[in-house]
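Participant: Spelled out, the chains give:
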Amino acid sequence: MSEPLLQVNHLATEFTTEHGIARALDDISFHINKGETLGLVGESGCGKSVTALSIMRLLPKPIGNIVGGEVLFNDQDLTQLPADEMHNIRGNRIAMVFQEPMTALNPVYKIGRQLIETLVLHEPEMTSSEIHQTSVNMLKRVGIPDPENRMYEYPHQLSGGMRQRVMIAIALLCKPDILIADEPTTALDVTIQAQILQLLQEIQQENGMAIIFITHDLGVIAQLCDRVVVMYAGRIIEQADIYALFDAPSHPYTQGLLKAIPGIDKPAKTPLSTITGMVPSLFNLPSGCRFQNRCPYTENRCIDSSPELDQVKNDHWVRCYRHKELTGAKI
Amino acid sequence: MTQYFIRRLLLIIPTFIGITILVFVITRFVPGGPIEQMIAEAQQASQQTGGGLNGAGIGASTLDAEQIRELEIYYGFDKPVLVSYWQWLSKVVQFDLGVSSRYSEPVWDTIKERLPISAFYGITTMLITYFISIPLGYWKAIKHNSHFDHVSSIVVFVGYAIPAYVVGIILLVIFASNLEWFPMGGFYSEDFEDLETPWEQAVDVFYHAVLPLMAYVAGSFAVMTFMMKNALMDNLAAEYVRTAIAKGIPFNQAVKHHALRNSLIPIATHFGNNISVIIGGSFLIEKIFNIDGLGLLGYESIVERDYPIVLGVLVISAILQLFGNILSDICVAVVDPRVQFR
Ligand SMILES: Nc1ncnc2c1ncn2[C@@H]1O[C@H](COP(=O)(O)OP(=O)(O)O)[C@@H](O)[C@H]1O
Ligand SMILES: [Mg+2]
Numbered sequence: 041m042s043e044p045l046l047q048v049n050h051l052a053t054e055f056t057t058e059h060g061i062a063r064a065l066d067d068i069s070f071h072i073n074k075g076e077t078l079g080l081v082g083e084s085g086c087g088k089s090v091t092a093l094s095i096m097r098l099l100p101k102p103i104g105n106i107v108g109g110e111v112l113f114n115d116q117d118l119t120q121l122p123a124d125e126m127h128n129i130r131g132n133r134i135a136m137v138f139q140e141p142m143t144a145l146n147p148v149y150k151i152g153r154q155l156i157e158t159l160v161l162h163e164p165e166m167t168s169s170e171i172h173q174t175s176v177n178m179l180k181r182v183g184i185p186d187p188e189n190r191m192y193e194y195p196h197q198l199s200g201g202m203r204q205r206v207m208i209a210i211a212l213l214c215k216p217d218i219l220i221a222d223e224p225t226t227a228l229d230v231t232i233q234a235q236i237l238q239l240l241q242e243i244q245q246e247n248g249m250a251i252i253f254i255t256h257d258l259g260v261i262a263q264l265c266d267r268v269v270v271m272y273a274g275r276i277i278e279q280a281d282i283y284a285l286f287d288a289p290s291h292p293y294t295q296g297l298l299k300a301i302p303g304i305d306k307p308a309k310t311p312l313s314t315i316t317g318m319v320p321s322l323f324n325l326p327s328g329c330r331f332q333n334r335c336p337y338t339e340n341r342c343i344d345s346s347p348e349l350d351q352v353k354n355d356h357w358v359r360c361y362r363h364k365e366l367t368g369a370k371i
Numbered sequence: 123m124t125q126y127f128i129r130r131l132l133l134i135i136p137t138f139i140g141i142t143i144l145v146f147v148i149t150r151f152v153p154g155g156p157i158e159q160m161i162a163e164a165q166q167a168s169q170q171t172g173g174g175l176n177g178a179g180i181g182a183s184t185l186d187a188e189q190i191r192e193l194e195i196y197y198g199f200d201k202p203v204l205v206s207y208w209q210w211l212s213k214v215v216q217f218d219l220g221v222s223s224r225y226s227e228p229v230w231d232t233i234k235e236r237l238p239i240s241a242f243y244g245i246t247t248m249l250i251t252y253f254i255s256i257p258l259g260y261w262k263a264i265k266h267n268s269h270f271d272h273v274s275s276i277v278v279f280v281g282y283a284i285p286a287y288v289v290g291i292i293l294l295v296i297f298a299s300n301l302e303w304f305p306m307g308g309f310y311s312e313d314f315e316d317l318e319t320p321w322e323q324a325v326d327v328f329y330h331a332v333l334p335l336m337a338y339v340a341g342s343f344a345v346m347t348f349m350m351k352n353a354l355m356d357n358l359a360a361e362y363v364r365t366a367i368a369k370g371i372p373f374n375q376a377v378k379h380h381a382l383r384n385s386l387i388p389i390a391t392h393f394g395n396n397i398s399v400i401i402g403g404s405f406l407i408e409k410i411f412n413i414d415g416l417g418l419l420g421y422e423s424i425v426e427r428d429y430p431i432v433l434g435v436l437v438i439s440a441i442l443q444l445f446g447n448i449l450s451d452i453c454v455a456v457v458d459p460r461v462q463f464r
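Quick mapping for you: the protein sequence lines, in order, are chains S and Y. In this note's numbering, each number is its position in the first sequence, counted from 1, plus 40. In this note's numbering, each number is its position in the second sequence, counted from 1, plus 122.
Treat the hints as calculated values from the structure; they're not laboratory data. Ideal Cβ positions, reconstructed from N, Cα and C, are used throughout, including at glycine.
From chain Y, some residues computed to sit far from chain S (all C-beta separations above 10 angstroms):
{"hint": "1", "residue": "Leu-258"}
{"hint": "2", "residue": "Trp-303"}
{"hint": "3", "residue": "Ile-424"}
Taking lysine-lysine and the PhoX-like style, the derived pairs with C-alpha atoms no more than 20 angstroms apart in a straight line are:
{"hint": "4", "chain 1": "Y", "residue 1": "Lys-378", "chain 2": "S", "residue 2": "Lys-101"}
{"hint": "5", "chain 1": "Y", "residue 1": "Lys-378", "chain 2": "S", "residue 2": "Lys-150"}
{"hint": "6", "chain 1": "Y", "residue 1": "Lys-234", "chain 2": "Y", "residue 2": "Lys-409"}
{"hint": "7", "chain 1": "S", "residue 1": "Lys-215", "chain 2": "S", "residue 2": "Lys-180"}
{"hint": "8", "chain 1": "S", "residue 1": "Lys-101", "chain 2": "Y", "residue 2": "Lys-265"}
{"hint": "9", "chain 1": "Y", "residue 1": "Lys-201", "chain 2": "Y", "residue 2": "Lys-213"}
From just these sequences and the hints, can you work out the full model?
Facilitator: Below you can see the structure in the form of structure tokens.
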């Protein structure tokens, strides 16, 4: 097996807030290979965005800080990289698309300028007409009709779906090795969502980039990803390839998420199952396993101490004391 | 867009008529109008000279009924309000604002003399305020919560808490009266006309302007600085700035090229709205520094019931305000492409 493209080892990130220090990420480790799509899934607030922002070193300063671990990319630890070298990686080798296309573009500048900016920065040898042409071609590639004229329009003149395409175009301009997509379709209509997902898949097939796809929607994961990392309250609780995860989920939380997907293969009027309770606040984490207060299988040892990630099979890891009896259980 | 502004320009006419009718009517019903003032003045004069010759006769002896009637005709008080308003208005459109009852000079001439003085102070103050507030607000936002931010906030708050005229008085006492570094007041020296070169004249004007400008700026830079700081802080936290940084743009360039322009939108809105204040001047500061500006003129003419001047000043400031609003819209449209005028 070749070396992974990006490797996150024991990453820990904290926020200094008025209520104290919140450890938003605790011992996060995963990797992504070239050309692969890795899904990052979990309920809202479990630390998916913070993971992405930590990799990109985009945490809000000065409150958000990486306090431990490393992010290895091309034999470099991104967490230790000087600022100017990080500038060369952002938007160039690792690009990011955000959740809210309505606010992610600068309202006062034309679309064209916002594309060109990236190329001017990272492709200094390109002439301005090459830059213009590359930008127009990229708009065309992401499915924006009449791209030449769109270059001269402002973000507010485009729909949400079109803006997200522009964001994707900006991210793809420098042919990054990794695209981090943080819930890129959550704010969009279902039909637009399907189009954007298809677009990402096509482009990935063309240029072989790796994608870290963040979502709370396991349905989207099933459609897009090769491997999945499931997060809960700042920790990874399960990690597996897509087939293992859907066929034999090991963690009760993953099982709960899977059951909560509405499906057309389920009999009509089946009540949607939900996981009871709420994600605990980072200031009020339960003792032991962080899922212990919502888990139907909690035992004394779950309350006493936190389980470590344990190997189920090859590449399938889970953080649960009882995974051997629960794996693949129909609950 | 053009259509919108043509419509806005046309709307000035009814708004203008509305404002002036209101004030015209008020001047009719507020006691102590020009005729009563003249009666009182004549009375005083006769008391001083004639020494109570006709003590019981009150006004009748000093101004007889015929004279009062003449005055009423002169001021149009003999006709219904709207008729005399119409007469006044039809003169106004020919730049005839009547004659001041105090100075016996055409109102338009008086205003023409005073307006540039206030405008000079207003525009200079505005330029200095922008020159201080925008960079200061910018650095306060970038260095939010630093020592620099806290210390400068204290200065800004003190400037905000002390009224501009108090600042003016303090400056006057210290730098003009005690230290005698600057003149006590006036727009320029008595020998201004004798100064050789335009350069010397300009220096003279600015020499006189230092203290009043400091008072003006002290009163206006606090609001502007905080407006700038808050706007920039909001924009620094905006997602598009994060997008810019995610593209690989260094933070300080993302601030300069992305956040700054968006932060100027509220400043631009503020600018046009304040145009009449900017040009009109503050009567308190003008009074303290003995500057013959429009603000002082307006104030004094109200006190002395010099209605032609009151109305004249009102006409000018209403027009400035109305054009200022339009200018404000143009500024906003220039900096913010989302603003669409239809
Ligand atoms: N700017 C911030 N300040 C303080 N806490 C934050 C901030 N951003 C995120 N967090 C905390 O980090 C945790 C994870 O947030 P996030 O990664 O945004 O969740 P999600 O999985 O929905 O993307 C949350 O509990 C949140 O309270
Ligand atoms: Mg998120």
